[in-house]
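From first to last, the protein sequence lines stand for chains X and R.
If you read the first sequence in numbering that gives the first Met the number 0, its first letter stands for residue 0, the second for the next number, and so on.
If you read the second sequence in numbering that gives the first Met the number 0, its first letter stands for residue 0, the second for the next number, and so on.
FYI, nobody ran anything at the bench for these hints, they're computed from the structure.
You may find that some hints are simply not true.
[Claimed, not checked] Partial list, computed: chain X residues near chain R (C-beta under 7 Å): (1) D100; (2) R121; (3) K125.
Backbone N, C-alpha and C define an ideal beta-carbon position, used for all residues, glycine too.
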Amino acid sequence: MTTTESTRTSEPVLQLDGVRKEFGGVVAVQEFNLSVYSGEVVALVGDNGAGKSTLVKLVAGVHRPTAGQIRISGEEVTATDPRQVRELGIEVVYQDLALADHQPVYMNLFLGRELVTGPFRRLDKKRMARETQALVDELDVRIPSAKAIIRDLSGGQRQGIAISRATQWAKQLIIMDEPTAALGVAETAKVEELIDRLRRRDLAILLVSHDLDQVMRLANRITVLRRGVHVGTRMTEQTDKNEIVSMITGLQAADERA
Amino acid sequence: MTTTTTETAARRRTSLGSYDFRPYLVYIGFVLIFLVMAVTLRDEGFLTSGNLLLILQQTAPITVMAVGTVFVLSSGEIDLSIGSVVSLSALVSAVLLRDHGFVAGIAGGLLTGMTIGLINGLLVAKLRLPSFLITLGMMGLVTGLSERITRLQPVPSTNEVFNGLFGAGSLAGVSTLILWSGAVAVAGHCIFRHTRAGAHVLATGDNVGAARVAGVNVDRIRIGVLVASGACAALAGMLYTGRLHGATYTLGSADLLTVIAAVIIGGTRLKGGVGTVVGAVVGSLILGLLNNGLILAQFTPAEQQIARGLIILVAVVLTLREKKT
Ligand SMILES: Nc1ncnc2c1ncn2[C@@H]1O[C@H](COP(=O)(O)OP(=O)(O)O)[C@@H](O)[C@H]1O
Ligand SMILES: [Mg+2]
């Protein structure tokens, strides 16, 4: 499953070249280079304020890079437009702005892309509920019903729904910002299983996480940010937790060209 | 795979457990109040078809505004200017009717309400100001305008076609007041429950960030609901004008609290994300029933006022208490 850079033949799903982001005078991301391929999980780690969320928002089309290029399946992202990025098959599971709590599961899954039927463009609630049920069954996200209200679900179920929604629409890449930060042990395990299942469906996953054990378990590669500096990228098989920790904390200097 | 304890807990809560009866409170309340009044006020003529139709007619303007308010509250906003828009639209409509005729009267009245709604919406959406403050300011401004343009004088409406169409007349034996409120309620319900626009209103009120990243144009939603609310208030103003054969600057001045109470009693969430047009219509009917009962029971106007305030308070407290989760 884990291929090395040199043996890859396919084009990367996501390619970041010399990406830099400044906010006023603050350099949030200095020079970031990364390629993400189908069927792999790449973990993005770093301390608080390292620039991880900024990087997620750059890829999501929320921010525009100050310099450098972002390519999705070879196509350069030019406009600052989350909609363009979504149309290119990329979905983001945001940590905070995930779901509409008082709406049923199926309306959340189809939010912004509701199915309609007939000349009056009436919402096709039946079909949305049916397709939602099929998807959560397939992903083994266990909820009482596709018509359940989000508020009545547990934290793990909610995160399962947020990830299912991303899966429903992502053709290429899913970016997850701290998907298990708010979850208990058992719920975290379920979400990790889900991530693993998505990888086997040949999706690319960029996983932002604080949990280094989780990162070692799930990721094929790990890339480290420290105060906006891209310290480097490692194959999980060829590194260990100690090295990653020293990259995060600065005990280890940044690679020549990360 | 084992089911975690929290998941089982969540499942139990949704199926059995403490059954949440509040969505049905308004319907239960309606039936109870109706039955109590049918028994106690039978000799005063409560149950006559004339009286029951009268209740429907008198609540029509409130019902129309309640439909607009369901959209506004569900989207997480509030429109405090509706009462003031009622009088200004009514006055503009009556003046244009007198000077320029039927079409100008109708168009002018509606456009007045929609323009005020549009200004509210633009200020809320583009300047990111709270609708509570914007529409409160707008209420003061519009009330002043109404008083200024007519120098506190009533404007009679002698256009019988207009009066007939907007409240004084009937079609196939049904009062046009009832027809208008019914049409607005049905249209409002269909849009709210069965279109993407309705779903986006709810999502915006529920979690504006989630709605935005899902591609919902939340600015358009905010502007849209406030324009709709202005249009509903304008129609209510025209219904008063038609029924009373004229407009005054005091029309609608007591309606704001009644409308919001009707909508909240009906089951719409003040903080957005949950709403029901059908509930709001029934909420409006409940308040109409109580109003009628208080008059039949020969309470003085001051006593009616006290009773209405109390009833609204009790109803709102019962409905608003959020279920602890
Ligand atoms: N919109 C913004 N405006 C100004 N500075 C920002 C903005 N977003 C992030 N930053 C700054 O960029 C740096 C990186 O932040 P962030 O990407 O949120 O880090 P992380 O997610 O790794 O904790 C921080 O110094 C933060 O203050
Ligand atoms: Mg962050």
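Going down the list of hints, with the structure as the test:
no.	hint	result
1	D100	holds (6 Å)
2	R121	holds (5 Å)
3	K125	violated (12 Å)
In this structure, the one hint that does not hold is number 3.
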